[in-house]
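Enquirer: Protein sequences, first through last, are from chains W and Z. One point on numbering: in the numbering used here, the residue at position 53 of the first sequence is 53, and numbering is uninterrupted. Numbers given in the numbering used here equal positions in the second sequence, counted from 1, plus 1000.
Source of the hints: derived by calculation from the structure; they are not laboratory data. As the structure is a prediction and not an experimental result, all values here were calculated from the model. Ideal placement from N, C-alpha and C gives every residue a C-beta, glycine not left out. It cannot be assumed that every hint is accurate.
Stated by the list, open to error - Calculated from the model, a selection of chain Z residues having no Cβ within reach of chain W, i.e. all distances over 10 Å:
1) T1014
2) D1105
3) V1131
4) A1313
5) G1445
Claimed, not checked - Here are the computed lysine-lysine pairs in the DSS-like style, where the Cα-Cα straight-line distance is at most 27 Å:
6) W:K71 <-> Z:K1345
7) Z:K1458 <-> W:K223
8) W:K225 <-> Z:K1446
9) Z:K1458 <-> W:K225
10) Z:K1049 <-> W:K54
11) Z:K1049 <-> W:K57
12) Z:K1170 <-> Z:K1345
13) Z:K1517 <-> Z:K1008
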Amino acid sequence: MQLIPSNLHIDFIGKRKFALIISAVMILVSLGALATKGLNFGIDFTGGTLVEVKFDKAPAIVDVRESISPKGFGNAVIQEFGSPEEIMIRVQNKDAENSSVISTAILDGLSEKFGADAIEMRRIEFVGPQVGEELTRAGIMAVLVSMLAILIYVTFRFEFRFALGADAALLHDITIVLGLFALTGKEFSLPVIAALLTVIGYSLNDTIVVFDRVRENFAANRKRKNPNEENGVVNDSINQTIARTMMTSVTTLLVVLALFFLGGEVIHDFAFALIAGIFVGTYSSIYVASPVMLALSGRFKSNENEIKEMEARP
Amino acid sequence: MHSFPRWKYGLILTVLVVSLMGALPNFTTAPSWWPSALSNPMSLGLDLKGGIHLVLDVDVDKAVSHSVEEDIDTARQVLRKDRIRYSKLASDGNSLTIVIKEATDADAAAKIIAENFSTYDISNPAADTFVLNLKPANDKEIRKFAVDQSIEVIRGRIDALGTTEPVIVKQGERRILVQIPGYEDTTHAKQLIGRTAQLEFKLVDEKGDLEKALSGRIPPGDIIMYAPEQTRNGKSFRQPYLLKKHTELSGNEIADARVSIDSRFNEYAVTLKFNSKGARKFDKLTAAHVGERFAIILEGTVNSAPVIRERIAGGSAQITGSFSPEEARDLAIVLRAGALPAPVKVVEERSIGPSLGQDSIDQGLNSIIIGSILVLIFMGVYYRMFGMVANVALAFNMLLILAAMSIIGGTMTLPGIAGIVLTIGMAVDANVLIFERIREELALGKTPLAAIDGGYDKAFSTIIDANITTLIAAIVLFQFGSGPVKGFAVTLSVGILASMFTAITVTRAIIALSTAKRARIEKLSI
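Please construct the entire structure, taking both the sequences and the accompanying hints into account.
Expert: Printed below as a string of structure tokens:
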């Protein structure tokens, strides 16, 4: 079976201006959402206590709130988690208060109201304010360090402009996935950082496959008597690898969808980040990495104004 | 087609056998003759097994200031011994200030301070003033000791819970990671772990005026401490006591602590047995102060202050206080395990109930199975025979990940399962690259065998570059990650490495085997 014909000739590079507009819009929307709505940081970063409880029958959220208000947690975030019987309660840390106190008080309040047998502790998470700060710093560091490591590796294996193209694609992907989290208000937790780094790995994987073919075709092209324009060579390379790009996206998407639908509530947002990442990662390896790489090159004969115009865009 | 080297078949066969053997303990008990390196099943993380996960922060600054405070006692003793009068003895954090009264004593003071305080850097800013700063090396030593000691104490307490395989390890400079698998009562565990369990015996100052002391005039060398809050006639109050500051005996001198029944009130109590040094001290104390009271101070509050009726030589004491049986048992546990050298605070907790753990395993396995089936079908349909070869490699890959995780003693976590699921999707990528390349070669008009060679050769560098870059992200994740995230990084890395082997070498071997016998191949099933 072959869904994508081998003699495909789509003018990807020719449409790069159009793609740049799409990317620019997506990035602006993302940055806007991040600036106005911001990320819904989970307790991993803000510090706080999370208690997940399973009731024997679905309780009313009002009753749950009523049961913990006397303990001083009336303003807790209370929500269903996966099923109506499962309730997640999230509170901010009060100053200098110890975790044991908060989660114990919440569980006590619940068992006083509903009876100790009616509730079952599913999960308690507490992150102290200091740990939250450390995790935030470590998360940012991780993204920066991996981008730097990739920059070095790709420069070493390819050329500097390829590395910049790859990193531009990564920034593009991360910004958009983050923007999506801000837009949907999904909780941004530690596993989502893991998902983001995986998206980095995945998107890069795609980009490298295209670049690898570009490198191969550049080498072949230079040996010719009348070398083609770099734009054309890059476009051919994308066309040659598009079947693989699509196939891998499909297989990865299949398993990530399985994770999204079957993996349970805890892993849900993680899978969501991966799904978003696969889409933008696939897109960026075609429409962001290569055009940026081309724009950064002084070696190919292209309209000077066009380069300036492209560089001026966000 | 290039001939496929013999040794590679051998390598594949070896890896296959080792993987099968390494994976076996996950399904059944390995026979006794099984190699020990291959006999361990993969361990499940707390998020799958259920249990308590705590990160504790040891207040090491307190340990240092406490140790310096204790040296005030030493300073008092040595100065008195040499009859050097002082006007100030004070500690602040890791420094100690001594001000002497007579300038003529300065030389003698300087000498004995230097003799007795070798762990301090001593400066002499004024003739009568000595400032002692704890040497950095000793400061560090005290901090390290406080954490190590806390680990021992906490281990003792947790062992008393009777759970299996608790993990208590140092994390960084001053933190302790505590994991108690399969234990659900987080409240109880935290109470037990967090108690300082500091036990002190001080004499009551029978001559001092408690009323005056309460109004602010505390006699020198004395201290006011309170009994726990009580409610009587609808009013709550705390009984104050005027005590001598000096601690006569402490929890360090306890050899054993057991739950007992107090015969007078028929209540639960804890009977302490002192060690030989403690027993001697207790003997001396009770002999010298018959008729006076001594206070038993537990974690900063006065538990009781019985009158010493006669000299007690046996070396045991009893703590009462209308305990419930559980309270008495917990108190005995913490006193037996010893006091924490510094207060500890829970800075992170991730505890999972057993049912959530089981749900996560079930859901994780479901996504692995469904995800694999989808990929297997897709590859089979899309690449036909070659797809089936890739599927065999994928199964091999799964086996290899399982075996590798078991052999390296890895821990499977929920994000780890996600890592495996993701690996399934990405593992076939290498094969997709190769197969697409073979198709291209065929389209260029090459013969089937030449196309296979071309496909593998040309895809090779791409596969390496693509996987190494993903590996970079996984390694960074491992460096930065805590607990569960680390599990994800480990399975992802193992998965990437395993997939490079199975997707390149194993598929090649299968294809080489299946084409070797045939003289001519007209068409590839790809």
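Enquirer: A separate judgement is required for each hint: does it hold in the structure or not?
Expert: Going down the list of hints, with the structure as the test:
Its beta-carbon lying about 29 Å from the closest one in chain W, T1014 of chain Z satisfies the requirement of being farther than 10 Å from that chain. Every C-beta of chain W lies more than 10 Å from that of D1105 of chain Z, the closest at about 45 Å, which supports listing it as non-interface. Residue-level check passed: V1131 of chain Z sits 31 Å from the nearest beta carbon of chain W, beyond 10 Å. Interface exclusion of A1313 of chain Z from chain W stands, the closest Cβ pair being 41 Å apart, more than 10 Å.
Every CB of chain W lies more than 10 Å from the CB of G1445 of chain Z, the least distance being 12 Å, so the non-interface label holds. Of the supplied pair hints, the one linking K71 of chain W and K1345 of chain Z holds, its CA atoms being roughly 21 Å apart against a limit of 27 Å. Taking the CA atoms of K1458 of chain Z and K223 of chain W, the gap is about 18 Å. The hint holds against a cut of 27 Å. This hinted pair checks out: K225 of chain W and K1446 of chain Z have alpha carbons roughly 25 Å apart, not beyond 27 Å.
Between the alpha carbons of K1458 of chain Z and K225 of chain W the distance comes to roughly 24 Å, so the proposed pair stays at or under 27 Å and holds. Distance hint between K1049 of chain Z and K54 of chain W is fulfilled; the C-alpha atoms sit about 17 Å from each other, no more than 27 Å. Between K1049 of chain Z and K57 of chain W the alpha-carbon distance is near 25 Å, which keeps this suggested pair within the 27 Å criterion. Simply put, K1170 of chain Z and K1345 of chain Z have alpha-carbon atoms about 14 Å apart, close enough for the 27 Å limit, and the pair holds.
Of the supplied pair hints, the one linking K1517 of chain Z and K1008 of chain Z holds, its CA atoms being roughly 18 Å apart against a limit of 27 Å.
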